[in-house]
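Listed below are the residues making up each chain.
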Amino acid sequence: MATSILDLSSDRTTEASVESDDLRLVEALREGAERAYEELLTRFQQPVFALAFRLLNDQSEAGDVVQEVFLKVFRNIGSFRAQSTLKTWIYRITVNEAHNARRWFFRHRRREVELDTDPEETRNWKESIPDRSRSPYEEAADREQHQMIEAALERINPIFREAVVLRDITDLSYEEIAEVLGVSLGTVKSRILRGREALRDELAGSIKARPALKLVPKTAE
Amino acid sequence: MSCENVQELISSLVDQGTSGGERQNALAHIESCRECSAQYESMAKMRASLREMARPAMPARLRADLRAIADRDRIRRIARVSFGTRIHNWVSVFQIHCQNMMRPVALPVAGGIISAILLFGMWIPDLTATPRSFSGDVSAPIFTDPSLSRSNPVRYGGDVVVKLIIDERGKVADYEVIQGQDSEELRNFILFSTWTPATSFGKPTWGKALWSHGEAIQVKG
Ligand SMILES: [Zn+2]
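Sequence order for the protein chains is A and B.
In our numbering, each number is its position in the first sequence, counted from 1, plus 6.
In our numbering, each number is its position in the second sequence, counted from 1, plus 52.
Hints listed in this document are in silico derivations from the structure and should not be mistaken for laboratory results.
Keep in mind that a hint or two might mislead.
Calculated lysine to any residue pairs in the SDA-like style (CA-CA distance at most 25 Å, straight line) [what the hints assert, rightly or not]: (1) 93(A) to 26(A); (2) 97(B) to 89(A); (3) 78(A) to 89(A); (4) 97(B) to 84(B); (5) 78(A) to 242(B); (6) 78(A) to 111(B); (7) 93(A) to 69(B); (8) 78(A) to 88(A); (9) 97(B) to 63(A); (10) 223(B) to 93(A); (11) 78(A) to 112(B); (12) 195(A) to 73(B); (13) 97(B) to 150(A).
Sequences are here, hints too, so could you generate the full structure?
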């Protein structure tokens, strides 16, 4: 990816400060400082949960993964070396744990879930910050759209989903995604592109399958 | 630029990942081509929707669980760090004793004999007087074990045997359930219980305690 020299240098200074922040936090964690534990949770529990949730599309499964991730993070903080940022290190652990959970999930529960997919159940998420400026109409449309995207995410190739979720949900740069997944920048680019195309096709399909996309809220708030 | 080329670029255009001439050319094409502009629009919209889904509400239960995981790890870490200081303490206690034993020897030889005579002269009546002046009171033992304080804010009645490490302030530094179930209630009790710390040569220090049914059943230094 081409970047101007100016951009690069500014990137580097922010990177350096992120690194020293990370090291300070890691050092405090190794000493068992209470505030360090708090800071780590405050910084990462929400994004780690969001990542796990979007990768697995199951709240309780995601909760288990998040717990496993923080157990590993705390236990292995001693072996954290500043070759990667704390952020990419933690997300790499999250992606790996989600992989493991998914393997288990597919082996044990996939069939049941497919047999009785309850449309109400796929609705078990709620955005935490409702936008007050939107009409209930728009909100219902949004909600419906989010559900469709959620379902589409579930159907696309998990390799592509991973890349798209790391980009759009976790908000990582291409370089950071490459680090988390341990693949080249070119691979990241193409996975995101393929993932988005697959998502778009899935969405187009689901819109066709439901021509009368209801914009009227089903239930009053 | 052909439509095919532009569509390959759309995903990274949406990410602001393309720069310079390539970006300009692609955007110019999109302006003039209905097909590509529709593709661009839909991808930008999809990305925006995904980003709206980036903060799913985290279950309160999960937050509490993470906090408990952090607490346990911190306690474990402090206990490990303190084990080092405890050994260090023992070493310094030992050194002090050696020094005390060496002190008379270290005095100048000439004065040594006189001081020895003087010391013995002072000690002999003192030694014989000791049992009388401290009658009824046993001199402080070298080591004492931690014991549970009477005033504990939390009660626990479960059927468990727990091994605890008590620090020099009488706080639980680590615990291990040897028999029975680890539970939220038990953890609460353990975290809030207060102990009289172990002592070594009269000074509070770290110690182990075995606890069951509301009382310390057996303790070992
Ligand atoms: Zn075109």
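Do the hints match the structure? See the list:
1. 93(A) to 26(A): At roughly 13 Å apart (the allowed maximum being 25 Å), residue 26(A) and residue 93(A) satisfy the hint.
2. 97(B) to 89(A): Since the Cα atoms of residue 97(B) and residue 89(A) sit roughly 36 Å apart, the hinted pair is violated (cutoff 25 Å).
3. 78(A) to 89(A): holds, 18 Å
4. 97(B) to 84(B): holds, 19 Å
5. 78(A) to 242(B): Roughly 24 Å between the alpha carbons, so the hint for residue 78(A) and residue 242(B) holds.
6. 78(A) to 111(B): holds, 20 Å
7. 93(A) to 69(B): Status holds; Cα separation ~21 Å.
8. 78(A) to 88(A): holds, 17 Å
9. 97(B) to 63(A): holds, 21 Å
10. 223(B) to 93(A): Given pair residue 223(B), residue 93(A) is violated - Cα atoms ~34 Å apart, limit 25 Å.
11. 78(A) to 112(B): This hinted pair holds, its Cα atoms lying about 21 Å apart.
12. 195(A) to 73(B): holds, 19 Å
13. 97(B) to 150(A): holds, 14 Å
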